[in-house]
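The primary structure of each chain is shown beneath.
2 protein chains.
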Amino acid sequence: MQITIVGTGLIGCSLGMALKKQGHHITGADSNPDNLEKALFRGGVDEAKELTEALKDTQLVVLCVPVNAVKELIVPILDAMPDNAVLMDMGSTKEEICAVAGAHPRRADFVAVHPMAGVEHSGPLAAHVDLFLHARVIVCDAQKSATNALNTVLGILQELKMKVIFMDARQHDRQLALVSHLPQFIAYALSAMEDFGDPSNKDWVELGGGGLQSSIRLGKSDAGMWIPIFQQNKENILKYIDRYMHKLQEMKYLLETRDELQMLELIRSSNKNYEKLNYRSNKPETVVPDNEATKLFYS
Amino acid sequence: MQITIVGTGLIGCSLGMALKKQGHHITGADSNPDNLEKALFRGGVDEAKELTEALKDTQLVVLCVPVNAVKELIVPILDAMPDNAVLMDMGSTKEEICAVAGAHPRRADFVAVHPMAGVEHSGPLAAHVDLFLHARVIVCDAQKSATNALNTVLGILQELKMKVIFMDARQHDRQLALVSHLPQFIAYALSAMEDFGDPSNKDWVELGGGGLQSSIRLGKSDAGMWIPIFQQNKENILKYIDRYMHKLQEMKYLLETRDELQMLELIRSSNKNYEKLNYRSNKPETVVPDNEATKLFYS
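These protein sequence lines map, in sequence, to chains D and X. Numbering of the first sequence is given in my numbering, commencing with residue 8 and proceeding in unit increments. Numbering of the second sequence is given in my numbering, commencing with residue 8 and proceeding in unit increments.
Where hints are given, some of them may not hold.
Intra- or inter-copy, both count: the list cannot distinguish identical chains.
Think about it this way: if two alpha-carbon atoms lie no more than 27 Å apart in a straight line, the pair counts; the simulated DSS-like pairs of lysine-lysine are [what the hints assert, rightly or not]:
| hint | residue 1 | residue 2 |
| --- | --- | --- |
| 1 | K28 | K56 |
| 2 | K151 | K283 |
| 3 | K246 | K259 |
| 4 | K63 | K28 |
| 5 | K168 | K283 |
| 6 | K28 | K209 |
| 7 | K246 | K56 |
| 8 | K241 | K27 |
| 9 | K241 | K209 |
| 10 | K209 | K168 |
| 11 | K45 | K63 |
| 12 | K283 | K45 |
It is worth saying that the hints were derived from the structure and are not from the lab.
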């Protein structure tokens with residue numbers, strides 16, 4: 008297939024590497040020529056073109072840019088791409104993106120996709136051919152995409168051996184705020200604490216163990232990707248920040264008042280939630296189709 | 008050497024496995040007979056005894072119990088162990104423990120030790136012979152220990168190939184509150200959020216990616232170990248919780264007011280702190296002796 012990847016950073020370049028392996032021809036477009044050059048070097052694209060050129064004769068356009076750029080590019084790309092082409096995005100938010108697409112006459116040629124894959128590093132040099140292998144991928148508002156568009160996208164996701172979950176865009180943004188955007192937000196807050204720069208804590212780098220490394224790892228993530236996610240999913244994220252701070256306040260009170268029984272209770276809930284997540288990691292891999300859109304699609 | 012390990016959970020059993028490999032004879036004591044049986048099965052102890060029996064003819068006693076139990080056991084063990092024996096602990100707090108030891112006539116036979124090693128799992132079945140290999144280990148208030156006691160303990164730490172850092176107990180507790188106890192506290196708070204049990208979030212387990220896994224991993228840690236640490240280092244931890252919540256508030260305000268420039272600034276500090284920590288992980292391994300006690304000891 009003739010595929011155009013717009014945005015050749017970590018996600019775009021990794022995707023290109025995996026799809027080239029499947030025999031597809033990849034054209035890359037990027038407003039950052041440095042990214043494009045590195046993606047060519049990494050083998051993530053077969054050729055580099057200006058966006059307008061890259062849209063000619065393409066069969067599938069994949070937006071691998073930050074979610075603010077996804078919103079800006081959907082309309083011009085749907086306007087310009089060939090009649091039989093399909094557009095998909097790879098953004099971490101879905102409600103605002105689907106709203107923009109929904110206002111376009113070619114909405115049915117668009118498929119809203121969110122791969123649950125990524126690392127704290129960014130850019131084409133951090134790309135990996137197996138970044139998406141066996142990872143989960145969410146397809147949103149699938150009933151608003153045409154069957155042939157959905158078939159094209161699901162075929163690609165199957166080639167990548169990803170596990171597809173169908174979900175509506177609103178539910179996606181609400182749930183992702185809890186499982187992804189909140190953890191990222193609080194990791195930034197921890198990592199940004201001025202105390203790490205305090206000379207009286209000069210030994211912190213030597214003293215930090217695996218716990219700090221786990222907690223601070225997300226602090227490395229790219230601001231250019233995350234600030235637009237925070238903005239687009241602001242209301243949901245703010246709600247969970249409040250609930251998280253409430254839980255911190257509660258725990259702080261239990262510590263101050265030496266209420267060890269209630270603290271034990273609270274920690275046992277933590278342990279249980281960890282077990283649930285851990286149970287999943289050990290489960291055999293399955294496709295999880297679970298809502299109306301899926302039933303429609305598979306019927 | 009004849010070594011007695013008191014507490015044969017993750018830490019005690021792992022230590023026993025490593026020291027047996029070095030040819031030492033390990034006697035285990037544990038108020039929990041189930042732990043002791045599993046430690047025998049794992050090869051973490053050569054024989055199991057009642058504590059009083061286990062102290063006879065021993066040359067080194069290692070306390071591998073939660074820090075509240077360390078505080079309770081120091082005095083009876085210093086009272087009962089042979090005249091030439093040495094006592095060390097492996098607790099994650101040091102100020103209260105050193106204060107208890109400091110009030111005993113045999114203070115010089117005690118060495119306060121904190122290995123920066125551990126995993127989120129607990130118990131002898133999670134033990135690993137290489138748990139301590141190349142890990143950092145902090146020795147506190149070394150100038151209050153006798154030279155022969157310090158020699159015995161540093162010999163053992165060298166056999167384990169650990170990297171020794173000297174520090175005073177007060178400084179230890181203050182710095183560890185930031186790099187270890189705060190990250191643990193906030194991971195418990197995140198993992199304990201009721202939203203993970205909310206039926207409208209039933210998909211969270213499927214949706215959680217690597218970010219959530221990093222953040223929630225510490226939520227698995229054992230309450231029996233951590234509640235006493237929180238209590239013994241309460242003042243320092245409360246101070247850092249306040250500062251962390253202040254940073255969360257600041258970030259929340261930047262999100263609410265769409266102040267993307269300030270948000271970028273904040274995230275860049277996160278990125279920088281991550282880089283410092285990451286830089287350390289890539290450094291060649293070195294022993295880091297850095298204070299008065301070290302100079303005394305090495306002179």
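Checking each numbered hint in turn, tell me which of them this model violates, lowest number first.
2, 6, 7 and 8
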